[in-house]
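**Q** Residues per chain are reported as follows:
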Amino acid sequence: MTTPDELPGGPDRTAGADPAAEAGRAARAAAERAEPEPRRGHGLGLSFRVLLTAGLIVAAVLPVAAFGGIVMAAHLYSDSRVMVTLLVAAIVAAAFFGLLGAAVVVAGLTAPLRRITIAVERVAAGESSPPIHLSGDDELARLAESHNRIAAEAGRRNRELGALLSAIAGYNPAQGTEALASRAGLDACAIYGLIDCRLSLVDPATVPTEETIPGDPRPVRAEVRAGGDALGVLTGHLPATRAWERADQDLLDLFASEVGVALRNAELFGQIESQNARLLELDATKDEFLRSVSHNLQTPLTSIRAYVDQLRAVSDEAASDRRLQIVAEQADRLTRLVRQLLTVTRLEAGVLRPEAEVIAVGPRVRRAWEALNVASVTFEIRDEARGWLAVADPDQLDQVLWALLDNAVKYGGRDGRVEVAIRADAARDRLHVTIADNGPGVSEADRTRLFTRFTRGGTQASGDGTGLGLYVSRQLLRAMGGDLWLEPAGDGRGAAFTLSLPGESPADEG
Amino acid sequence: MLENRPRRILLVDDDTSLLVVLAEQLRDDGYEVATARDGQEALRRLEAGWPDLILLDLMMPRVDGLALARQIKAEADLPIIVLSAIDTADSKARLLDEVAEDYVTKPYHYPELRARIQRVLRRLGDRIPRQSLVLGPNLTLDLHHRSATVAGTEVQLTPTESRLLHALAANLGETVATETLISRGWADTEEAEPSYVWVSMRRLRQKIEVDPDRPVHLLTVRGIGYRLVSSRDDT
Chain Y
571 MTTPDELPGG PDRTAGADPA AEAGRAARAA AERAEPEPRR GHGLGLSFRV LLTAGLIVAA
631 VLPVAAFGGI VMAAHLYSDS RVMVTLLVAA IVAAAFFGLL GAAVVVAGLT APLRRITIAV
691 ERVAAGESSP PIHLSGDDEL ARLAESHNRI AAEAGRRNRE LGALLSAIAG YNPAQGTEAL
751 ASRAGLDACA IYGLIDCRLS LVDPATVPTE ETIPGDPRPV RAEVRAGGDA LGVLTGHLPA
811 TRAWERADQD LLDLFASEVG VALRNAELFG QIESQNARLL ELDATKDEFL RSVSHNLQTP
871 LTSIRAYVDQ LRAVSDEAAS DRRLQIVAEQ ADRLTRLVRQ LLTVTRLEAG VLRPEAEVIA
931 VGPRVRRAWE ALNVASVTFE IRDEARGWLA VADPDQLDQV LWALLDNAVK YGGRDGRVEV
991 AIRADAARDR LHVTIADNGP GVSEADRTRL FTRFTRGGTQ ASGDGTGLGL YVSRQLLRAM
1051 GGDLWLEPAG DGRGAAFTLS LPGESPADEG
Chain S
1112 MLENRPRRIL LVDDDTSLLV VLAEQLRDDG YEVATARDGQ EALRRLEAGW PDLILLDLMM
1172 PRVDGLALAR QIKAEADLPI IVLSAIDTAD SKARLLDEVA EDYVTKPYHY PELRARIQRV
1232 LRRLGDRIPR QSLVLGPNLT LDLHHRSATV AGTEVQLTPT ESRLLHALAA NLGETVATET
1292 LISRGWADTE EAEPSYVWVS MRRLRQKIEV DPDRPVHLLT VRGIGYRLVS SRDDT
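Chain order of the listed sequences is Y and S. One gets this note's numbering by counting positions in the first sequence from 1 and adding 570 to each. One gets this note's numbering by counting positions in the second sequence from 1 and adding 1111 to each.
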């Protein structure tokens, strides 16, 4: 077999590790010789087309030359065996150079294509791409140029989009629409590189569209909308040298629509602010009103009550005078009704925060009964929860007890009788207080609406009372972690209401 | 001691008819009473001498009750009871926790008012810091705001709990008898019994002790009463 050294006509006789690279270098060198002047000045680079042509020529001519050379050499020998050997060698050499040439062509063709592919993929993935420099002025070089331009514009729009988003993110609805509009105008100038720009909060239809005059700054415009409403129009001018493409207009429209949302938010924020201020004002007015109602009603009652007490304290005659007793009772009654009305208002406003104090219920019920001062009604209390203490707000529990006892007196029978039973539910740490009268009880119709506001026992309504007692009592008890309900009708018993409260079992020391 | 001298009360209310009758009621019970019809007059009276207790209306012309109470407290820790027609649920009444020892709504029930006055006067001489009282890494009391900070979490105290802790804190490290605690926590009209104290202490431990079953601050002294200690003393 012949060695490569024996083969004549090789373009470069230097031995190399990589024949393809060697051949490529040779091809480039040949191409340089064929066309020494690159059209586009990127160093010594030649255009892709020139390289390709040179490569093809080298790849086609070299095998033929090698084949011819070997055939001619074969003629020098008469021995047909030698001739055959040489011919076979010629075919092998031609094939070798042909493949070598093809490799050179493929390598030359794919290298720039690979660079362009990588660059396009980077741009497609949203990354920035450094410009690709290809020599020459052929299709591939123009493709690279075009890619470079697209990449640069994509980069610019990406930067604009980033600036746009950070500008939008900085818009605070608390700034108000006017401040936002002027800020958005300034931002548009900065983001898009406009010469001037303003956001007018007027109907876009009233702002005429400017004509584009070649050589003059180019007018740009975008309507600012939120939902279906036109809020204003963004107008400005672009330097005459700058291009303005569809994508730029889209980006400006995007900015305008985001500004529209921000403006709408600012509008709504302003409305909420003023409504809040108004509500706070109303709330303060209501508080002040309640305060003065309370003050103006309770102050005279305080004097009445104090003078009655003093009169009854100084003489025995006055102390037993039924008329003074009635004045005292009615003053107390009025006081409780005023307090009940205040409590209803506070319940509605949700501002009642009961204290959780430890209270002995039995003595509390007895005191509430004594305060009612109704000698004509028999009162009986059965305390089956000795030692137990309730956890409740003392003032609010007093209101509840007064309302329930007052009801029991009002709706009781002719020979009035009020029975109170206190029991403990040890398993659930609760106290139950049942207050029963001996009246006709509650009718089926009344049962369902008993605990709603302004409800009074139908036929028995005597006209006094606010119709708030049971409603207020249930709400107060529930706020204290308890409840109030009507017991089912029983034999010989009138209405029986049970209130429950969190309870503390009898404690020993420590 | 000045135990036998009559206690002096300054009564401030713009309702003159009430001033007359309430002053008389209080004098009948042995108190020395001065009256003022508004905040300015009250301040003039205070220049002449400090009373033992001030009974104050919340809504008054010129200097209102709350402003007056703050002004007084800024100068001296005089006990103040607010007597007002404004109910305790009013936002304004809630502001008083800081400056008033007690709150009585009008129309008052005189025996009840008297019992509250006596309860507050029992506290005379108790000195606890106006600022918060640090009892250990896991307990700080802020009785003027009716709150405690337990292991970093603020808990609210009820008026009674606050009064009980006040009595214990004024005798920090010493045992306070159950009977004393009854008279400090409840008014005489409430006919409180020792079980009130026991249950209240059990509930207080749930609030202010990190482990209520192994209390380190609120300790029982069997058969006698209770002791509040800071955790440094607890060794």
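Among the hints, a few may not be true.
[Unchecked claim] Derived lysine to any residue pairs resembling SDA-like cross-links, with alpha carbons at most 25 Å apart:
id, chain 1, residue 1, chain 2, residue 2
1, S, Lys1318, S, Pro1248
2, S, Lys1203, Y, Arg848
3, S, Lys1318, Y, Ala997
4, Y, Lys980, Y, Ala919
5, S, Lys1203, Y, Ser736
6, S, Lys1318, Y, Asp995
7, Y, Lys980, Y, Asp995
8, S, Lys1203, Y, Leu646
9, Y, Lys856, S, Val1174
10, S, Lys1203, Y, Ser873
11, S, Lys1203, S, Thr1127
12, S, Lys1203, Y, Ala997
13, S, Lys1318, S, Arg1338
Hint data in this document are derived by calculation from the structure and do not stem from the laboratory.
**Q** Compare the structure with each hint and give your call.
**A** For each hint, the structure was consulted:
no., hint, in the structure
1, S/Lys1318 with S/Pro1248, "holds (15 Å)"
2, S/Lys1203 with Y/Arg848, "holds (20 Å)"
3, S/Lys1318 with Y/Ala997, "holds (22 Å)"
4, Y/Lys980 with Y/Ala919, "violated (30 Å)"
5, S/Lys1203 with Y/Ser736, "violated (46 Å)"
6, S/Lys1318 with Y/Asp995, "holds (24 Å)"
7, Y/Lys980 with Y/Asp995, "violated (29 Å)"
8, S/Lys1203 with Y/Leu646, "violated (128 Å)"
9, Y/Lys856 with S/Val1174, "holds (22 Å)"
10, S/Lys1203 with Y/Ser873, "holds (23 Å)"
11, S/Lys1203 with S/Thr1127, "holds (23 Å)"
12, S/Lys1203 with Y/Ala997, "violated (40 Å)"
13, S/Lys1318 with S/Arg1338, "holds (16 Å)"
Hints 4, 5, 7, 8 and 12 from the list above are not met by this structure, while the remaining hints are.
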